[in-house]
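*Asks:* Using the sequences and the hints, build the whole thing.
Read in order, the letters of the sequence shown are residues 386 to 1192 in the working numbering.
Keep in mind the hints are simulated off the structure, nothing from the lab. Glycine included, each C-beta is placed from N, C-alpha and C at the ideal position. Just to be clear, a hint being listed does not mean it is correct.
In silico DSS-like cross-links for lysine-lysine, where the CA-CA straight-line distance does not exceed 30 angstroms [said to hold, decoys possible]:
| no. | residue 1 | residue 2 |
| --- | --- | --- |
| 1 | Lys846 | Lys859 |
| 2 | Lys797 | Lys859 |
| 3 | Lys664 | Lys797 |
| 4 | Lys664 | Lys733 |
| 5 | Lys1028 | Lys1118 |
| 6 | Lys932 | Lys664 |
| 7 | Lys981 | Lys1192 |
| 8 | Lys714 | Lys817 |
| 9 | Lys1118 | Lys1003 |
| 10 | Lys850 | Lys647 |
| 11 | Lys714 | Lys853 |
| 12 | Lys647 | Lys733 |
| 13 | Lys1118 | Lys1068 |
| 14 | Lys514 | Lys610 |
| 15 | Lys1013 | Lys1149 |
| 16 | Lys981 | Lys1191 |
| 17 | Lys592 | Lys669 |
| 18 | Lys976 | Lys1191 |
| 19 | Lys853 | Lys724 |
| 20 | Lys782 | Lys1149 |
| 21 | Lys601 | Lys611 |
| 22 | Lys605 | Lys618 |
| 23 | Lys1003 | Lys976 |
| 24 | Lys536 | Lys797 |
| 25 | Lys664 | Lys514 |
| 26 | Lys1191 | Lys853 |
| 27 | Lys586 | Lys601 |
| 28 | Lys514 | Lys611 |
| 29 | Lys610 | Lys536 |
| 30 | Lys601 | Lys647 |
| 31 | Lys618 | Lys536 |
| 32 | Lys1068 | Lys1187 |
| 33 | Lys1118 | Lys797 |
| 34 | Lys859 | Lys1191 |
| 35 | Lys1013 | Lys1118 |
Label pairs and their in silico Cβ distance ranges [what the hints assert, rightly or not]:
| no. | residue 1 | residue 2 | range |
| --- | --- | --- | --- |
| 36 | Glu835 | Asp520 | 46 to 56 angstroms |
| 37 | Gly475 | Pro710 | 48 to 58 angstroms |
| 38 | Lys733 | Gln702 | 16 to 26 angstroms |
| 39 | Glu1189 | Lys846 | 19 to 29 angstroms |
| 40 | Asn754 | Lys846 | 24 to 34 angstroms |
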Amino acid sequence: MKKYSKLNYIMKGLFAVIFFFGMIFNDVYAQEVTQETAKGTQISDDSTPNSLDPLTFSLLDLSSTERGFLMPRLTTGQRDNIPKQSLTAGLVIYNTTIGCIEFYNINRQLWMNMCGDVEPAVFTIPLDKCGQIGDNISGDYVQGMLLDERKNLISVEVNVSSPGTFEVEAIAYNTTGAENGYSFTARGVFPSSGSFLLVLKGSGTPKVGSADTNVKDTIKFFLNKKQVTCEVKNHVKPDFEPLEARFDCTTPVVAEGTYKEKVALTSANRLIVSLVVTKPGRGKIYGEILSATGKNELIQYESETIDFRVTDVNQVQTVALLPVPGTGKPLTGGTLTGKLKLVSKGKKEYDPFAEETLLTIPGCDFNINVASDGPKYSIGTIELQSTFTSQFDTKDKRGGLVTYGTPYITPKTDMGPNGSLDFQAVVTIGPKAAGQYVIKSEKVNGIWFEGVGTISDDDVKEGIKTIKLRAYGKSESDLPIALGRFDFTGNNLDPALSNTGTMFVDFVYRPMTMYSIGGASDQSWHPGGNNLNSTWSAGPRTVRQYKHFSWDGVVRIAKLTILDVDDFEAKVTGISTSTHMSSTSNASTFKSNLNKADMVFIGGHGGANFTKRDQQLKDLAFYVNYQKGALVYGEGDVNNMTKFFNELGLAGSVSNNTASGAVYRVESNAQRQSRLIIGTSMKYFSFGDAIGGLAGLSLGGHGTSTQITFNIYTDDVVPIAGTNGSFAFVHKKLGFVGVGSSLFMGGFYDDGGGNNFYPLSATKDGTPIKRNLDGKGAYSYNSFFLLNLVHWAIDYAQEHQKNEVKK
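*Replies:* Right, here's the structure in full:
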């Protein structure tokens, strides 16, 4: 302050002295002339033509063509010593540090120069702000990959104490201390003091990367060419890693805005998509709704190119997609379904000279709802279209022919998640206004029909349209047509038009073939055996009845065939097939017949057990395990059944039981696998002597022949009869029923012959009846049991095998 004041007085005195002597000696030395006017003063050395003629609006006019005006000369340091409170607007100096005239701008409180330059600013990176820079480094850094100045950025906050020009450079150095080929820069002017956020743009190509994420480059900062203490770390990958992400399809895609038929999409029609990023990368998400005639044009969406980042583990991120300019529009109301995908070009996303490696990640389906004044239509006729129809040889319960081509639905059939094309309701509608139709039936016997589609303007012009609705769900039991009534309802918006319809459907098991194994006329003891007269014919006579198994029989089946029996009800001797298992030379025949059969029933021959060869037992186990065949196996020989258990992989033991006239009580249980075998009161074969089903009644084997019992202590089976050693059981997972007698399926009908040893009896027309086994008042109900077993085998084959007719 004192130094400035002294200088000020000296300059004033000096100026006065010079001026005084100049006035006195102007003619001799300087020839200066001073002309004062009422408006201002001119000082001239008389070298200009307008000497002594001051400019009209000039307060002081220095006029010369030979001399200059010399103003105060100060360095920047000397200038800055002038007290701030003494600075006045318009104060002028010549700054010898920068070689330029400067004047003081009171509004900006800055010295401004006339050379167009601003002196360098004084600024720093505060320590706390330096610590935040590491979180503000954006972009991917890969060895050999050129940085993108739009993506590879560093944000840094600085504190400016003196405004002016600035240049900030951040240079990356690898672990050896050498520059690693890339850096970040920012240049400009700070207009005032204070805090400023700078964005440094990246350039260059990283030379060295590391798979170890702990090995990082050191980025050093230079402010106006001077290094500062602030340093941050940055990891460079050794090679490019492609983007990894998955769409979160559990979160529905949000379709924003309103969609109307025949109205173009706008930016308001965004899609909000959810996904999880597991490896970072760059890419773009696309959405597309394929064009459909009369329904919609091609509609496409896309996002911006996005640098996807990994956030928290499995954290869902959202991305907005906009309609592509000029994309198509909906043509009618209803729901439109599209597909998402994420596309990345790999390394080329970052380096335009790199080879493109296209990566496509499939996404979720998405729906948009299009508003409409429709649909308007009337529902007309509805008919079943089925892969299965009655054939020329389909018989009713009286043996008559069923109308050819009658469609039906098979029970125990899973229609699949997308509905079945094997069973469809064909609906005729009368279109009146375009829109999306939705027609659905009530659920009957486990299934329903449903369909969604579009009524176009052309359909309205045509006036009639045929549509098909797929079957959904899983069908349950066989049903007569009277119970298979499906009522349909649509979404027609015109109350004057019919919005309902009805269809009646038969539920019938598909045609099936039984492979029946046992003897012929000589005590055949199996369904395919003797059916000629009362002698040992009760078993075949009971099974081979159209009233029991036919189109409208007790069990509804399109056709039940016994392999090699030409006429199901024919009163013939029957077939002898026991050698198919007892002879090694018939192994190929046995295996071939298994491939033709939906079910296998094994009984006895000549009132006794017969040999089962190892190869045949092995093939039989494969049939049950892998071909899902239904097997009813009656066996009185411990060795045969033990070997089969081993082949099947069933844990348990088998023991002999030769008790004469033994019967085994059927135990009631709620297991699904045994329900049809035990029977339910007054359903199917629960009538007559067994009207309440078999629970609490008894089963038996041949009164004098060898029998076995099963000791199976595993959850894989359900006992049917017997408590201390089971006489019969059903496997829970496989189609296998084991019975401890090969002769349980045989006997005289009408109790013919007076022999009380035979466990099964029936009337001459095949109606099942109880049997007074061994004449001791112990009744066996084997005829009901046999019919239930055939029903069980049909039902199991229908549910577990491919739904097709074996050839």
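*Asks:* May I ask which of the numbered hints given earlier this structure violates, with the numbers listed in increasing order?
*Replies:* Failing hints, ascending: 1, 3, 6, 12, 15, 24, 30 and 39.
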